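Chain D is already provided as a structure; the job is to place chain B on it using the hints.
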Amino acid sequence: MITAVNIIKPGFLTTIQDIPGRRGLKRFGIPSSGTMDTHSAELANWLVGNDLESPLFEITFGKCEFEFTERTVVGLSGGKAKVLVSDESVQLNKTLIVGPGERLKVGRVSKGARIYLAIGGRWQIKQSLGSFSTYAKAGLGGVNGRELMSGDRIEVDSSQVQESIKTVPDELIPHFSRQQNIRVITGPEWDWLRTEQKNVFLQTRFGISSTSNRMGMRLKPENNVEVPQRDYSSAPVVPGIIQLPSGGEPIILMNDAQSVGGYPRILKVAEADLWRLGQLWQGNEISFTLIEMRDALKLVDYYKDLRASLLLK
Amino acid sequence: MALRSLQINHTAWNLRSLGERAVILEPAAGDPELSEIHTICHIIEGAGYEGLTDVIPTYKSIGLIFNEPILDLDEISDQLERITVKPERPETKQRSVHVPVCYELGLDWEELESHTGLEKDEIIRIHSEQHYTVAMMGFIPGFLYLQGLNPKINCPRKSEPRTKVPKGAVGIGGNQAGIYSLESPGGWQIIGRTPLSFFKPNNDPPVTVGLGDKVIFERISEDKFNEIERG
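Top line first, the protein sequences correspond to chains D and B.
Using the numbering used here, the letters of the first sequence correspond one by one to residues 31 to 343.
Using the numbering used here, the letters of the second sequence correspond one by one to residues 13 to 243.
Looking at chain D on its own, in the form it has when it is part of the complex:
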């Protein structure tokens, strides 16, 4: 059976993303893209019984509306927002069954920044360069390589879907506090900073600029961070790298970021905390805690095992 999802209102920004996005194209400058908050995206896919890496809707700030032509299994996870199905309030982080012709409305995201909407079944859309993820800047993935617009229609083959109602265990539901501490490891140019500058950086609270996007999060330090000036030629970067331009306002590279960057790579967000950044926005504040690489690697395993043990069918 084919279910069609009609996009009635796309909201501020809704795109199709998958996990982990594109691989093997960085030498051409093509970023990985993929879900910003991969943790929540996996939970949404889990709720509907899809492979955790499957494409789904990444809804930024909410205010969107979808209509389903058939009985459909859907799952929502991520930031907090009021969600209505046929004008009745429903829960996030729990499998929902939406009837034929019913509409699902996602209100303004009040905590966090993004909500993931998964639809049970195989999405009938095409990959571009190996992924379904939308990278609008280069017209790749999603629907015609762009963000969703009203009138778009996505077909999903739901013939293999089982209607089992699941609830995300509390342990896996993140808290979205306004102030967050993010764990980081050292980057290649960390030692360009003097000990005193390092200490200042690690004690500084940073606001998040409204010019942040899927490419990078621009940070506004509460006190100006002094930047050592040295010759620097563009070098390889990966998502999570914290660049420090000479203006003193750091940029955290995210999923749509370049593969080569021209500013010193002072730190890198620990992979285990990278998804948290996908839920931060203007008005939030972050600070950093430096950890060792071996601890960063342990955290990757820890969360992987935790998810695996709690998400048993």
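I should point out that these hints are in silico values taken from the structure, not numbers from a laboratory.
List of simulated lysine to aspartate or glutamate pairs, EDC-like, C-alpha gap at most 16 Å: (1) D:K167 <-> B:E195; (2) D:K250 <-> B:E172; (3) D:K334 <-> B:E80; (4) D:K328 <-> B:D84; (5) D:K328 <-> B:E80; (6) B:K170 <-> B:E123.
These figures come from a predicted structure and were not determined experimentally.
Structure of chain B alone, referenced to chain D:
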């Protein structure tokens, strides 16, 4: 920071981490030749290294990205030594690419003039008489980093990057020249614009020029720019 030394072509290289799943390979001393960087990248890409997803050449180092977290740098260092011991030198074809530029569409002439101490026409003359080599890509899809800028017109990047640089912008960033193939944020000083695009997402490979290709800039008028852009 953890560091490993290894030998490639009788030269000492260092390997260090760039996060949980990536490493940087760079010469232990001095700056590498661009052609050496390109050759090593070709060898590693051609070796079928399992778990390695991306090889990123840059001026002074090579980035290697892996599928899984890296638990042991030694293992990677050994593997790299193994695959580069008897490298088959891949043949590389170099082409010349003529790139029309409208310098009237530059955005940073004031900064360029005051930093170089030269007048606009002189900067244009110097910029367009050089031949450049495609050194790497990577800032955005198809962004071309070009080696061969005359040091007289070096100019540091902007301290506050622009949130929007137009597609086709031709820029100067420190001692590098470059071309933005797509609209993007960016911190380079913009000297002009080309109506050409080097990024073709439906092609394989998706970028129409290759590493090592020669680039020659040709000055065009604004009218000519509009004519070519309209196609």
